[in-house]
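Peer 1: Chains as they are written, first to last, in the numbering used here: chain A, 20 to 367; chain B, 20 to 367; chain C, 20 to 367.
Rather than coming from a laboratory, the hints here were simulated on the basis of the structure.
A couple of the hints might just be wrong.
The list cannot tell twin chains apart, which means a pair is met if one copy fits it or any two copies do.
Unchecked claim - List time: in silico DMTMM-like cross-link candidates among lysine to aspartate or glutamate, alpha-carbon distance up to 20 angstroms: (1) Lys201 with Glu137; (2) Lys280 with Glu137; (3) Lys139 with Asp342.
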Amino acid sequence: MKGKLFYAGLLVFFIFAGIAHYAHMNTTLQFIIACIAIIFVAGFLGKATESVAHYAGERMGGFLNATFGNAAELIIAFFLVKDGLYDVVKASVTGAIIGNLLLVLGLSIFTGGLKFKEQKFNVNLASHNSSLMILAVVALFIPAIFTGGLTTKETSNMSMIVAILLIAAYLLWLFFSMVTHKSLLSDEAIEHGEAAWSKGMSILFLFVATVMVAFTSEWLVGTLEEVTHKFGLSELFVGAFLIAIIGNAAEHSAAVMMALKNKMGAAVEIAIGSSLQIALFVAPVLILLSFVVSGTPMNIVFSTYEIAAIGVAVFITKSITQDGSTNWYEGLLLLIVYIILGVVFFLV
Amino acid sequence: MKGKLFYAGLLVFFIFAGIAHYAHMNTTLQFIIACIAIIFVAGFLGKATESVAHYAGERMGGFLNATFGNAAELIIAFFLVKDGLYDVVKASVTGAIIGNLLLVLGLSIFTGGLKFKEQKFNVNLASHNSSLMILAVVALFIPAIFTGGLTTKETSNMSMIVAILLIAAYLLWLFFSMVTHKSLLSDEAIEHGEAAWSKGMSILFLFVATVMVAFTSEWLVGTLEEVTHKFGLSELFVGAFLIAIIGNAAEHSAAVMMALKNKMGAAVEIAIGSSLQIALFVAPVLILLSFVVSGTPMNIVFSTYEIAAIGVAVFITKSITQDGSTNWYEGLLLLIVYIILGVVFFLV
Amino acid sequence: MKGKLFYAGLLVFFIFAGIAHYAHMNTTLQFIIACIAIIFVAGFLGKATESVAHYAGERMGGFLNATFGNAAELIIAFFLVKDGLYDVVKASVTGAIIGNLLLVLGLSIFTGGLKFKEQKFNVNLASHNSSLMILAVVALFIPAIFTGGLTTKETSNMSMIVAILLIAAYLLWLFFSMVTHKSLLSDEAIEHGEAAWSKGMSILFLFVATVMVAFTSEWLVGTLEEVTHKFGLSELFVGAFLIAIIGNAAEHSAAVMMALKNKMGAAVEIAIGSSLQIALFVAPVLILLSFVVSGTPMNIVFSTYEIAAIGVAVFITKSITQDGSTNWYEGLLLLIVYIILGVVFFLV
Numbered sequence: 020m021k022g023k024l025f026y027a028g029l030l031v032f033f034i035f036a037g038i039a040h041y042a043h044m045n046t047t048l049q050f051i052i053a054c055i056a057i058i059f060v061a062g063f064l065g066k067a068t069e070s071v072a073h074y075a076g077e078r079m080g081g082f083l084n085a086t087f088g089n090a091a092e093l094i095i096a097f098f099l100v101k102d103g104l105y106d107v108v109k110a111s112v113t114g115a116i117i118g119n120l121l122l123v124l125g126l127s128i129f130t131g132g133l134k135f136k137e138q139k140f141n142v143n144l145a146s147h148n149s150s151l152m153i154l155a156v157v158a159l160f161i162p163a164i165f166t167g168g169l170t171t172k173e174t175s176n177m178s179m180i181v182a183i184l185l186i187a188a189y190l191l192w193l194f195f196s197m198v199t200h201k202s203l204l205s206d207e208a209i210e211h212g213e214a215a216w217s218k219g220m221s222i223l224f225l226f227v228a229t230v231m232v233a234f235t236s237e238w239l240v241g242t243l244e245e246v247t248h249k250f251g252l253s254e255l256f257v258g259a260f261l262i263a264i265i266g267n268a269a270e271h272s273a274a275v276m277m278a279l280k281n282k283m284g285a286a287v288e289i290a291i292g293s294s295l296q297i298a299l300f301v302a303p304v305l306i307l308l309s310f311v312v313s314g315t316p317m318n319i320v321f322s323t324y325e326i327a328a329i330g331v332a333v334f335i336t337k338s339i340t341q342d343g344s345t346n347w348y349e350g351l352l353l354l355i356v357y358i359i360l361g362v363v364f365f366l367v
Numbered sequence: 020m021k022g023k024l025f026y027a028g029l030l031v032f033f034i035f036a037g038i039a040h041y042a043h044m045n046t047t048l049q050f051i052i053a054c055i056a057i058i059f060v061a062g063f064l065g066k067a068t069e070s071v072a073h074y075a076g077e078r079m080g081g082f083l084n085a086t087f088g089n090a091a092e093l094i095i096a097f098f099l100v101k102d103g104l105y106d107v108v109k110a111s112v113t114g115a116i117i118g119n120l121l122l123v124l125g126l127s128i129f130t131g132g133l134k135f136k137e138q139k140f141n142v143n144l145a146s147h148n149s150s151l152m153i154l155a156v157v158a159l160f161i162p163a164i165f166t167g168g169l170t171t172k173e174t175s176n177m178s179m180i181v182a183i184l185l186i187a188a189y190l191l192w193l194f195f196s197m198v199t200h201k202s203l204l205s206d207e208a209i210e211h212g213e214a215a216w217s218k219g220m221s222i223l224f225l226f227v228a229t230v231m232v233a234f235t236s237e238w239l240v241g242t243l244e245e246v247t248h249k250f251g252l253s254e255l256f257v258g259a260f261l262i263a264i265i266g267n268a269a270e271h272s273a274a275v276m277m278a279l280k281n282k283m284g285a286a287v288e289i290a291i292g293s294s295l296q297i298a299l300f301v302a303p304v305l306i307l308l309s310f311v312v313s314g315t316p317m318n319i320v321f322s323t324y325e326i327a328a329i330g331v332a333v334f335i336t337k338s339i340t341q342d343g344s345t346n347w348y349e350g351l352l353l354l355i356v357y358i359i360l361g362v363v364f365f366l367v
Numbered sequence: 020m021k022g023k024l025f026y027a028g029l030l031v032f033f034i035f036a037g038i039a040h041y042a043h044m045n046t047t048l049q050f051i052i053a054c055i056a057i058i059f060v061a062g063f064l065g066k067a068t069e070s071v072a073h074y075a076g077e078r079m080g081g082f083l084n085a086t087f088g089n090a091a092e093l094i095i096a097f098f099l100v101k102d103g104l105y106d107v108v109k110a111s112v113t114g115a116i117i118g119n120l121l122l123v124l125g126l127s128i129f130t131g132g133l134k135f136k137e138q139k140f141n142v143n144l145a146s147h148n149s150s151l152m153i154l155a156v157v158a159l160f161i162p163a164i165f166t167g168g169l170t171t172k173e174t175s176n177m178s179m180i181v182a183i184l185l186i187a188a189y190l191l192w193l194f195f196s197m198v199t200h201k202s203l204l205s206d207e208a209i210e211h212g213e214a215a216w217s218k219g220m221s222i223l224f225l226f227v228a229t230v231m232v233a234f235t236s237e238w239l240v241g242t243l244e245e246v247t248h249k250f251g252l253s254e255l256f257v258g259a260f261l262i263a264i265i266g267n268a269a270e271h272s273a274a275v276m277m278a279l280k281n282k283m284g285a286a287v288e289i290a291i292g293s294s295l296q297i298a299l300f301v302a303p304v305l306i307l308l309s310f311v312v313s314g315t316p317m318n319i320v321f322s323t324y325e326i327a328a329i330g331v332a333v334f335i336t337k338s339i340t341q342d343g344s345t346n347w348y349e350g351l352l353l354l355i356v357y358i359i360l361g362v363v364f365f366l367v
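All chains should be built: construct the whole structure from the sequences, respecting the hints.
Peer 2: Printed below as a string of structure tokens:
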């Protein structure tokens with residue numbers, strides 16, 4: 020990340036990835052270059068987001084991180100919904116949630132914990148995040164339990180109603196956390212990140228970086244099917260792990276960066292905030308969109324595997340974050356649970 | 020609730036509901052009048068309970084609220100057990116538990132939170148309530164998991180033993196919370212409610228109000244079967260939602276009243292205390308009673324739907340109350356979970 | 020425990036149990052004598068461990084207690100694995116975990132709570148223990164959920180990988196709690212137990228006591244099969260309750276002793292530390308050993324009953340210990356859950 024060298028790499032690999040894509044080069048080559056390119060563009064997005072965050076305050080910055088971090092997922096999922104690939108959508112939603120809670124948060128806590136013995140953050144934020152995550156689990160668990168006794172029509176009605184309730188809960192959460200109880204949830208010990216650019220330039224670069232992430236993501240996704248077939252991987256594993264890891268690269272670098280600066284509140288906000296946004300906003304919006312786009316709407320009924328994975332991720336994240344303090348071992352625990360889930364998803 | 024006007028409404032609707040019942044008027048009319056009447060008698064019970072609570076102290080008052088709030092449920096359930104309608108009993112037990120945890124508590128926290136930015140209560144009380152709620156979930160979950168390998172005789176033996184253990188746990192809880200650790204669980208910042216009447220009159224009115232609630236409940240229940248058939252509702256939905264909402268009207272008004280006076284400790288005690296009393300005392304007593312009343316005793320094996328609903332309600336309530344502080348958004352979350360459960364129970 | 024009388028009983032019953040075993044006396048007699056003998060040798064082990072703990076510090080002492088407390092289980096399980104009795108191994112692992120969490124901890128909290136109104140311990144320790152227990156539940160729950168779609172070969176591969184991850188998590192936990200974050204987890208109010216002997220003698224007696232426990236355990240196990248058939252008990256019940264209760268006698272006496280001395284941190288460390296060691300170290304080691312010893316390795320897939328029992332035990336223990344404070348009623352709750360599980364395991 021040494022200034023000029025970084026921007027040179029960013030431009031070279033982004034352009035190279037574009038050429039590889041439009042020139043229809045060898046798929047495995049396309050894939051590898053796109054992967055490298057996405058690390059750079061995600062890093063750029065992280066820088067830009069942090070610079071904007073400097074002007075916007077820590078918590079609003081965390082929210083911006085979550086929003087721009089999910090841009091890639093939203094674009095990918097939108098394409099999948101349009102093609103009616105509902106199972107892959109659900110797998111990638113699952114993957115994004117557990118990826119944020121276990122991998123992004125785990126890596127942030129672990130690396131932050133190697134540098135600082137103990138990292139503290141606002142316990143009210145952790146407590147509210149927990150309750151919202153439980154709402155997300157409940158909203159996925161209940162339909163799956165009750166769906167046995169329902170017709171397709173009833174299931175789709177139920178899905179629409181639950182989706183609307185979740186979106187309402189999410190919008191009211193924004194109202195709560197940004198308007199009525201802003202001070203309750205903000206971190207006391209805010210230590211502002213340096214601003215790389217002026218306010219105007221920061222916002223411009225945030226926009227540019229988002230567009231670059233979106234393009235690179237698309238190029239990458241285009242190669243995924245062929246590459247996965249070549250290496251014999253299942254759609255569930257690819258959706259829940261490969262897409263999620265690559266799609267969350269932005270959160271990764273941003274959250275880890277925050278953790279290394281001892282701003283654990285912001286790292287938690289990025290990781291948990293992002294998974295909440297996916298569960299309570301992105302997924303329900305996709306359900307409503309699917310109703311508009313296609314004849315048969317996507318339902319909210321996730322598979323037992325997916326609910327078990329999300330439930331387990333929420334449960335251990337809640338246990339680890341609820342005291343408002345983290346250390347390297349707690350990060351490691353999250354990573355171990357992620358690896359266990361990765362192993363079983365890979366085998367299934 | 021403007022004094023004289025309230026008491027006029029109370030008398031008029033109570034008498035009108037009685038006439039409608041005994042004169043066998045149109046069932047839908049009977050139903051509507053009984054619903055209005057129960058709002059008034061429940062309000063009266065709330066007033067009387069609060070007045071008694073003024074003399075008895077906040078926590079004992081909360082306990083009184085729970086006890087008198089469950090009077091209606093107990094009477095209804097007793098009739099159902101006598102008729103051998105065990106599935107409806109279990110549905111109404113389920114409904115009473117989730118109604119108290121999600122609807123009563125949710126409404127109290129929400130309305131209290133609209134008036135006060137943050138409401139605090141004794142965190143020890145919340146912590147002990149959580150542990151007892153988990154005992155209740157365990158006591159319902161374990162028999163349901165293990166029942167596959169058991170004969171009817173063994174299931175009924177198991178139900179009796181678990182019922183006796185739960186009653187013992189409940190009675191020892193009363194001993195713990197009223198005798199050995201009274202100070203641990205009491206709220207520091209008690210702000211006594213005004214007493215409407217003298218001590219003697221308060222107790223008399225508490226008795227009168229309880230009798231009025233009982234009568235009105237019975238009239239209402241008498242119309243339920245016909246009304247639900249007319250409007251095409253399932254027994255599960257009626258038992259778990261209609262009966263529970265109407266039967267809990269007393270807790271509703273009492274708990275919301277407490278919350279609006281910033282006595283959140285008392286509101287929590289009413290709502291959670293009431294659901295604990297149902298799970299750990301009313302339900303086990305009904306099991307033992309069923310053994311006495313009929314040849315085939317009611318077992319403790321609840322359906323997957325019911326256990327899922329109770330488990331989900333306990334889990335989110337625990338998450339929200341464990342920090343001893345509430346706000347409007349946390350009340351809203353409880354209400355959203357209640358609506359989601361209502362939707363799926365309605366559809367099943 | 021009056022000095023000389025105790026040591027006389029120890030020697031008499033240990034020798035008597037040995038004679039009964041090698042002379043092939045009546046099995047029921049062998050069983051009863053071995054039971055009495057094990058109470059004495061466990062008491063001796065408790066004394067020796069506490070004396071060593073005096074020299075080693077409270078937390079290291081707790082760790083020693085856990086280690087030597089599990090010696091008996093390890094030896095028993097090793098024999099069972101060698102004979103390929105994998106179901107009994109899993110039942111006894113289950114029994115050891117729930118026995119430590121519910122019976123040992125419950126009895127400690129209950130008896131300690133009868134003597135002291137409130138007993139406090141380091142809340143960081145409780146919080147980390149909770150997170151590790153959740154890892155243990157996740158590691159058992161995930162394979163059981165996903166195993167449906169796997170071949171025997173894949174299941175055994177998954178079991179090996181998960182076992183290695185758990186052992187890594189356990190060893191890093193020791194590194195964390197003994198090296199990098201020792202002070203975070205230690206109890207402030209340490210009140211050292213008296214040392215019965217010199218440091219050298221204490222270590223010698225610890226060794227002697229461990230050997231005596233091992234021998235007595237083996238003699239006892241030899242009689243179990245015949246005795247259980249004679250009294251018509253299932254293997255599941257015997258493995259999960261009888262073996263676990265007898266095998267945990269050392270933790271029992273040691274943990275209860277600590278609780279009665281108001282050293283609740285040490286009691287919690289013995290009980291929870293012991294169950295963590297079994298879940299995260301003993302069980303995975305047995306899986307790896309089974310791979311070496313026999314052709315078909317033992318898999319990590321526990322039955323629904325076993326996972327439900329462990330999950331329930333972890334959940335209620337977490338709820339009760341998370342505030343770092345206990346009282347008699349909380350101990351009672353743990354014991355009631357243990358009895359409920361005992362009843363259903365006995366009936367199944």
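Peer 1: For each hint, tell me whether it holds in the structure or not.
Peer 2: Hint by hint, here is what the structure shows:
1. Within a single copy, Lys201 and Glu137 get their C-alpha atoms only as close as 25 angstroms, which misses the 20 angstroms cut-off; across copies the closest is 13 angstroms, which meets it.
2. In this assembly of identical chains, Lys280 and Glu137 lie within 20 angstroms of each other by CA distance solely inside one copy; the values are 13 angstroms within and 32 angstroms between copies.
3. When the C-alpha separation of Lys139 and Asp342 is checked against a cutoff of 20 angstroms, the pair qualifies both within a copy, at 9 angstroms, and between copies, at 17 angstroms.
Consistency with the previously given hints is maintained throughout, with no hint failing.
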